[in-house]
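From first to last, the protein sequence lines are chains A and B.
Counting from 1 along the first sequence, just add 44 to a position and that's the residue number in the numbering used here.
Counting from 1 along the second sequence, just add 30 to a position and that's the residue number in the numbering used here.
It is possible that part of the hints are untrue.
[To be verified] Below, a list of computed lysine to aspartate or glutamate pairs in the DMTMM-like style, where the Cα atoms sit at most 20 angstroms apart:
1) Lys504(B) / Asp162(A)
2) Lys516(B) / Glu173(A)
3) Lys66(A) / Asp234(A)
4) Lys504(B) / Asp167(A)
5) Lys195(A) / Glu183(A)
6) Lys66(A) / Asp97(A)
7) Lys333(B) / Glu216(B)
8) Lys504(B) / Glu146(A)
9) Lys456(A) / Glu478(A)
10) Lys504(B) / Glu141(A)
11) Lys516(B) / Glu183(A)
12) Lys504(B) / Asp160(A)
13) Lys74(A) / Asp167(A)
14) Lys504(B) / Glu173(A)
15) Lys504(B) / Asp234(A)
16) Lys504(B) / Asp180(A)
17) Lys456(A) / Glu439(A)
18) Lys516(B) / Glu478(A)
19) Lys154(B) / Glu168(B)
20) Lys154(B) / Glu183(A)
21) Lys74(A) / Asp126(A)
22) Lys66(A) / Asp488(A)
23) Lys504(B) / Glu232(A)
24) Lys516(B) / Asp162(A)
25) Lys504(B) / Asp145(A)
26) Lys504(B) / Asp126(A)
27) Lys98(B) / Glu168(B)
28) Lys504(B) / Glu183(A)
29) Lys74(A) / Glu460(A)
30) Lys504(B) / Glu125(A)
31) Lys516(B) / Glu146(A)
32) Lys320(A) / Asp488(A)
33) Lys456(A) / Asp440(A)
Honestly, the hints are just simulated from the structure, not real lab data.
The structure presented is a predicted model; accordingly, all values stated were derived computationally and were not measured.
Take a look at the letters that make up each chain.
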Amino acid sequence: MSQNLVESGAEVSSDRRREREKLVEIRNLKTYYGESGLFGGRPVKAVDGVSFDIFNGETLGLVGESGCGKTTLGRTLLQLEDATGGEVRYDGTDITELSGDELYQWRRNAQMVFQDPDSSLNDRMTVGEIVREPLDVYEWGTPQECREHVKELLDIVGLRPEHYYRYPHQFSGGQRQRIGIARTLALEPDFMVLDEPVSALDVSVQAEIINLLEDLQEEFGLTYLFIAHDLSVVQHICDRVAVMYLGNIMEIGPTDELFNNPANPYTHSLLSAIPKPDPTATADRITLHGTPPNPRYPPNGCPFNTRCPARIRPPEYEQLDDEIWMGINTLRDVLLERQRADRSLRERIRERLGRQTRFASVDETYDDLFGHLNIPQDAASVLDEIVDYAADNDEDQALAVLTEEFGSVCEKESPEYSTVSETGRQSFCHRHSEEHARPSEVLDERY
Amino acid sequence: MSNTESEQSMTDTAVRTDGGTETKQSLRQRVLSNPEPAAIWLAGLALLVAVELGRFVDWALTIGGGIKFILDGIVATPTWVGSNFEGTLGFVAGAVASDITSLLLLFIVAVFLRAYLPFHPDEKLGLDLSRSRHLWFERGFVTAVLAAVVSVLVFTPIGAALKNEVGFYVGILDSLADTQTLLSRETIPNHGYQTASGSWEGTFLGLSARSAWLVRFTMVWVYAAVVMSWLWRGYNVYREHYRRMDWTPRDDVIDRLRSHNWGRFGLVVVIGFIVLALFAPVIATYPIQENVYEPYSQDSEFKYFNEEAGEVQTALHGDANINSRSQGAGSQNVGINQYDDYGRYAPLGTTTSGEDLMTHIAYGAQTSLSIGLIALFLALGIAMLLSLASAYYGGIIDLMAIIGTDTIISIPIFVLVLMMSVVFQQGDVWIAEPMDGGLLLALIFAFAYMPGMWRSIRGPSLQVAEEEWVDAAKSYGQTPLAIMRKHMAPYVMSYLIIYGSLLVGGMIIVTSALSFLGYGVSEPTPEWGRLIASGRNAVSTQSWHVSTVSGAMIAIVVTGFNALGDGIRDAIDPQAEANAGGSGGGA
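Pulled out of the complex, with its shape left as it was, chain A reads as follows:
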């Protein structure tokens, strides 16, 4: 696809969008796992308070790393998971409140295409039975009418009517995904959640399925929520994109704008991970260090602060080396881990006696992280103080000092959504307020 084509297409659709009304409004939606139950402990915060709108007839992309909660968000929108809090308004009704018959009646409006076509079709049923089942559930017409309708649907998705009597495993992955799409179309929904519909397919087949989905949207006026981690596919098919990290929407806005001029530091780093076909391109990649935090223990403040390349640093330490900052971040992770770990009585005694425990001593950690670095005096003294506290097993105090000295607004307060362009693009970052430098400037400076 040429860049031109993508841009013009996106412009047209974003113009169209403004005239359209909201189909789905999501407000402060939360989905936590493992909260209820007999031995409920800290829940896993898969979706931690997201708010956005999906407009009639658009394709909204939802991107993010694996495990960031995008599939859970999609499933919650269809009530396959129970929302812990917040609301999902579909045409004005809050569907998280629906149950029984109302939920049953609503379900035909919204359907889902699943990621793995091998697992989403029941192999013991023929293709016809699979596509027909939703019709039977809603007691749609006579058996004869149903059969005719299913054959039409098979035709629409590019299969042939005689495939009705075949079994799914007689088909290739792309064809199986077509069967899945035919099934979702059976009830003529308005809204479809596409959960990585092409990521399990060969590249050549991906294009066919994407084209099919686009044709169907045109023909039936469907609204898509397109969940993906392949950014090039998202750039191709989506009108708008939402970027998700650790259960939060980091940035949401029109596709072309977001791809060409990202506002959020996380979007910057995601986009810089796309391989450039130009071998002479020299732009430095932003590499994110470490792994995303455990969603059971999300960090305070901004969810991205542990890995953010544009994190706000206290002015007195602004000149510290990047490697030292990396070390400080790692030290904080280690301290948090130690704080959470249960210490058995036996381990406490061993520690008292100066024996080895499974907790490596803090001094070793310090040596690993900072031993080879040249640390300015002021920072070094603070680090020594932190290590002293930690050596006494007073992780709380050590963390308090660390946050006090090296922390900033990023760790202390949750950011607000700021509108960053005329099209209403929003970004979830402290750096959009007046007193801080823009993320893009900081990143240019640091990388």
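With chain A fixed as given, assemble chain B onto it according to the hints.
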């Protein structure tokens, strides 16, 4: 959709198997449009059934009798509940309680019948109900209709008339069941006597008693083999001419089973066992009623040639049995393939009480098979429901199921069965009567084996509950019950078949072990384990056959069931690990 054309041609080649012609017709129409293969097959089947019509009708009546037994029990519950209430709360409370119980029972029936309603009563009445109200309305409607029908039958003479009518048809069936069949004692009699001249009187074509019995015995197996091959042919006819699909996944399963030697051995043994049980009245050397159950009744008199007196005399089976006992130790013995003093041929010898061992073995197979099947289906049904529900809902239901079944599992299965059968048999409850404790044993087995069964299929159930097609079904509003039935049960079913066939072997062993100890199936119902127990003192003597034959039968049949289970498992899932879940072998 400009590129659909090219896509179609591309995707076509990707279809792995070809064929599958489009047919919109129902099976009936497909048969009518090409009637020849079906007609030939059906004619053959009709011929096979016709020669044994009496026996088929007899089996149907037996099954009908079993169903009637269960129905009578259910019908008796409202009265029973009512009388319990009446005893404490007075007549009115009793009447109300029995009415409520009847309505509840009818409602349960209505839940199943609702799907077959030819029209929607709420739509006729112009009511606009939501889905669940619509369901409840229809169930209520069907209950009301049923209640009306039942009241009419109970409180008006129509009921009595209907009963007469049914009785009349059952009478016709009874007389049909009594008609002579090709394979029967009447057609091929084997019980006669040898006159002084050496010729045989009263046997088939004047053959010796031994040859006559052998002819009948062989005929049974030939008939069974012909029926089985004809059924197989029928499946092939259906597959070739009438099935919509050219190929289904089940075809591969059958092909793999056909090339699995160990599994084939198992299949042959199991079919043989079933034939032995079903044709026990023909295979048995003498009618069990005369030889075992009522040997001293007038019907049990037979003629024999008394060599000392030199003339034909009559004797009762009971008296003859006393003189034909196989008790070893130099005294009396009628061994394998011998005649006793009364000219009675005993293919496998006699038991310690002088009864014919072949008769015992054949009817003992019937006992084992009935116990095994009743227990198996109950245990499978409960285990299936429990595992599907606990896998689908999870949470507290799952936990309750785990706790409940763990409690049962914690007691060794043989001890549990032993305790329960002692308690119930000492308590002399009505359920201990059918089959001299056989039915009770089946129910106890169902209870005791169900948790292990549930455990074995819990894993597969949890696995299939996580599949995306289950989510997909939820997303278009399929009901939980339908999801379990259509999207989960078929995947668990194959495991049930495997574990079930292994379980039957275990049940046969435990039944025999209990009977051996004197607690299982009591006299006079024939049972293999009791034969072993009675003959075990004589194993080292000339009467070795009593324990040995019955013990060998148990060993072969149990091995057969295990082999069949292995074969089916390998056929269903070629990659399956060889862990049979500890259900085979029983105690």
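Checklist entry - If you check each hint against the structure, which ones fail? => result Those not satisfied are hints 13, 18, 22, 27, 31.
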